[in-house]
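**Student:** Given the coordinates of chain A, work out where chain B should sit on it, guided by the hints.
Residues per chain, in single letters:
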Amino acid sequence: MNGKHELYFERYDRTTHRLGRAACLLTLVLLLGAPFAIGGYLGAMPDLGAVAKGFLAIGLVWMGSSIGEYILYTPMLGAGGSYLAFITGNLINMKIPCAMNAKELVGAKSGTKENEIIATLSIATASLVTILVLALGVALLIPLQPILQAPALQPAFDSVVPALFGAMAYQYFRGHMNMAVWPLVLMGVLFTLLPALVANTSMMVLPAGAAAFLAGYLLTKKSIKQQ
Amino acid sequence: MSVMSQLNSPVLYLICGGIILFVALVCVVFLVRAYRAGVAIGMDRTKLKRTITASATFTVLPSVGILLGVIALSGSLGTPWPWLRLSVIGALHYETSVADAAAQAVGIGHLAGAAMTSRAFTTIALLMSVCIMWGMVLAAVFTKKYTKTLRAGSEKDGKPSGIAAYGDLLMSAVFIGLISAYLGSYLGDFISHDGRFTFTGSWLPLAVAAVSALVMGVFLWLKEKKHQEWVDNFSLAGSMLAGMAAAVLFGLL
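Chains A and B supply the protein sequences, listed in that same order. The letter at position 20 of the first sequence is residue 20 when you use the working numbering, and the numbering goes up by one with no holes. The letter at position 232 of the second sequence is residue 459 when you use the working numbering, and the numbering goes up by one with no holes.
Don't read these hints as lab results, they were simulated from the structure. A portion of the hints provided could be inaccurate.
With a Cα cut of at most 25 Å, we get these calculated SDA-like pairs of lysine to any residue [claimed, not checked]: (1) B:Lys-371 - A:Glu-6; (2) B:Lys-450 - A:Trp-182; (3) B:Lys-375 - A:His-5; (4) B:Lys-274 - A:Trp-182; (5) A:Lys-222 - A:Trp-182; (6) B:Lys-450 - B:Lys-276; (7) B:Lys-274 - A:Arg-11; (8) B:Lys-274 - B:Leu-288; (9) B:Lys-375 - A:Arg-11; (10) B:Lys-452 - A:Arg-11; (11) B:Lys-276 - A:Thr-15; (12) B:Lys-375 - A:His-17; (13) A:Lys-109 - B:Leu-295; (14) B:Lys-276 - A:Leu-32; (15) B:Lys-375 - A:Lys-222; (16) A:Lys-221 - A:Trp-182; (17) A:Lys-109 - B:Lys-452; (18) B:Lys-371 - A:Phe-9; (19) B:Lys-375 - A:Glu-10; (20) A:Lys-4 - B:Leu-295; (21) B:Lys-372 - A:Gly-49; (22) A:Lys-221 - B:Ser-399; (23) B:Lys-274 - A:Leu-105; (24) B:Lys-274 - A:Val-106.
Simulated restraints on C-beta separations [to be verified]: (25) B:Arg-423 - A:Ala-22: 51 to 59 Å; (26) A:Lys-225 - B:Phe-426: 21 to 29 Å; (27) B:Phe-426 - A:Ala-22: 27 to 35 Å; (28) A:Thr-15 - B:Phe-249: 12 to 20 Å; (29) B:Lys-276 - A:Leu-19: 20 to 28 Å; (30) A:Gly-40 - B:Ala-267: 40 to 48 Å; (31) B:Ser-236 - A:Lys-221: 52 to 60 Å; (32) B:Ser-236 - A:Arg-21: 31 to 39 Å; (33) A:Thr-112 - B:Phe-249: 47 to 55 Å; (34) B:Gly-334 - A:Thr-15: 43 to 51 Å.
Quantities reported herein were computed from a predicted structural model and do not represent experimental measurements. All residues carry an ideal CB built from backbone N, CA and C; glycine is no exception.
Next up, chain A with everything else stripped away, as it sits in the complex:
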């Protein structure tokens, strides 16, 4: 890359950070403002006490997860790709594999200027396709609303969470069984002996996560020692 190209890329990089920061902040304002705008329309503003309680129960856990994702994925995505990926979401199930696929296709190396361009192109395209597919799908969903709200289907919609965790349990536990067995047993015993905790399941995510982390940490230490 010659001096002219270097200069151009530096200018591009500076503007990417300015635009990325502005886009993140504006999206943040819109996302936090939307529940209040909807509350104004419905005549029912959010219960801030319940938000604080819910945040302490599960938000802190997700904050930790966000930090992990940020540290882990930014090196793969570069600046432009990171700003877009953290705005548009669906990182693990779509954006990361998509960017890695594009990187492999063109043979770009992580941390290079080429990778920066390829990752940004890839994430932007993936985000636009998702937005388009979802918009088309939602337009088709509108006529189906009466069917989706039929009483016969309510057990299905009331079972979204167990359905999700059943599928995720198979996906995650099979690769981390040594790590997963401890929090699973701990939670099973706790909820059986103290059934009142069921009403506050989300509060138990933090100790369960801590147990899994401790188990994982000890297992890693043990395997390092054995090597």
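**Tutor:** Below, chain B without anything else, positioned relative to chain A:
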């Protein structure tokens, strides 16, 4: 007008659609700038076009999977809000678990359309936003410095090291903790719902979780043993829909 009708009203489509449109414009700006920059620094145009085509084709199938997530959540939160959250910032596994935790925090028990009130909805919506915004906050504050450090050569061969490797363990622990807490609660509720070891609680969540896990096992078998890589795009949403369909069948028993 019922709460669910209000949650599917044109005003909500307008609010959520407006935000999605803004994010789509951001993506277009980044796409055009990156393409022009690639050409300007001497990258092969064919490679740039190939990246766009490959990314678009790669994304179609997972997007349909995400759409199934919108359908799954639309029964309890209406369509516009899940549409927004799964188009912008969200992820299927995150949205469902946080919405359920938020439902508990507002006192309506678990996530269910029948119990939803206007206030519960706006509270759940705000909590979902507050919980997931941290990636975006970190990106806005630290990306400039972090990417500069990375380019300066602290990363080798694209492999995470040091704190990044620690982040990997943290992420796995968070997911495992999350799943364990919920599965443990289904088990505890079934065994001790009306007092310890009375076995009078609902077995439905356990049965639904078992069906979803089984279907996920089939998807992974197809992918790994039969080399049907395409099923990966639908495995999570497909397993969830199978579990939910099983709930309807179990309800008839």
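**Student:** Which numbered conditions among the earlier hints are violated in the structure presented, ordered from lowest to highest?
**Tutor:** 2, 4, 6, 10, 13, 14, 15, 17, 20, 21, 26, 27, 33
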